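Sequence order for the protein chains is H and L. Going left to right, the first sequence walks through residues 1 to 161 as my numbering numbers them. Going left to right, the second sequence walks through residues 1001 to 1214 as my numbering numbers them.
By construction, these hints were calculated from the structure, which means they are not laboratory data. Just to be clear, a hint being listed does not mean it is correct.
Claimed, not checked - Lysine-lysine pairs mimicking DSBU-like chemistry, simulated, CA-CA at most 35 Å apart: (1) H:132 <-> L:1111; (2) H:119 <-> H:94; (3) H:119 <-> L:1111; (4) H:132 <-> H:94; (5) H:132 <-> H:119.
Because the structure is a prediction, the values reported are computed rather than measured.
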Amino acid sequence: MVTAGEVWAALGEIPDPEIPVISLVDLGVIRDVTVDGGTVRVELTPTFLGCPALEVMRRALEEAVAGLGATPEVAVIQDDSWSTDRITASGREKLRVAGLAPPAPRAAGATTLVQLQSKAFRCPYCGSTETKLENIFGPTPCRSIRWCESCRQPFEQFKTI
Amino acid sequence: MSERSLLLLSIADDELILGWRDSEWTGIAPTLEEDVAFSSIAQNEIGHARALYELAATELGGDADALAFDRALDDYRCAPLVELHLLEWAHTIARRWLYEEADWIRIEALKAGDDTELAGLAAKIDREEVYHRIHAQMWAHRLGDEPRFRAAVEELWPYALGVLPAELRPELARRTGLQLETAGAVERGTHTSELEALWNEMTEVRRSVPGATW
């Protein structure tokens, strides 16, 4: 019989459908894994509710569990248990190397425009903090667009939610 | 239908129809940044609608697609504010701002409510709506006292009141600085003539080929 540890290891090999440098485990969207006999229940929590990658993630999880010889049961949990703070340290580093600035830690209160416009965000290409917000919204729901004044490059930033 | 299902459908229909209206700016917004912003906001709103329909479907049966696309025109519960076809920037921003302020009050009430399942989903939606509010408030501030913008706000204010139940309306007036007593609300449950064209377009594939998938 498969163990929860083996399931976590297998899920750690599944790339995110839109940002394949990071795995679903690194992204923090796997909330729980429970093994009950030959059935493996995986709790998946979406990043953004409108993310079209959700169905692709669900199928990839089912295939991974089935690949271990178990019956998958994937439950999509729609509460606010996912936030960008769930992205692992190694996941953040992989995002940065891929040119996607990792999200800022979630502050106690809600995100504000002042926070977004601050120069605390680091350019993933040259490391400068001389960056400014270009657009809160980007090519996917989870990204914003910033501009680096030092190396004069636009770059994408994972939104903090 | 239970009060809970009516509430879920009301909010889901608001988000679906407004998402549809916002997406009408895709490709033709005044700047490239707003083209991206409106497309992304629309995607989020329709995502919220899907999650709310899924929750409603646990009681009503069917699935999110069936609730979104297979109902008769008169069965939609959306507020008239979101139905209006407003391809004019001052009106579009006025609606975005008024809707986000009203939606914020509604979300706060749901988060504080006794229905833990709905409170959890509202908290999830709230995390995303923060960015919509920043966008709407930034534009409302930028347009400020521009006569076209103020006229659009005044015109849409009775519609904005119709988004919320009567007990939450004084708070909307307080936050927006608008006068409660001068407006008769355009209530939910009636539809503008503009919803019909949208409904025809939105449901055309499902009506042509029932059960179609793609």
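message: Please verify whether residue 119 (chain H) and residue 1111 (chain L) have alpha carbons no more than 35 Å apart.
response: Answer holds: residue 119 (chain H) to residue 1111 (chain L) is near 32 Å, not above 35 Å.
- request: Would you mind confirming whether the straight-line C-alpha gap from residue 132 (chain H) to residue 94 (chain H) stays at or under 35 Å?
  value: 22 Å, holds
query: Going straight from one Cα to the other, do residue 132 (chain H) and residue 119 (chain H) come out at no more than 35 Å?
result: The given pair, whose Cα atoms are some 6 Å apart, holds under the 35 Å limit.
query: Holds or violated: residue 132 (chain H) with residue 1111 (chain L), Cα cutoff 35 Å?
result: 33 Å, holds
message: For a C-alpha distance cap of 35 Å, please report whether residue 119 (chain H) and residue 94 (chain H) respect it.
response: 22 Å, holds
In summary, this structure violates none of the numbered hints.
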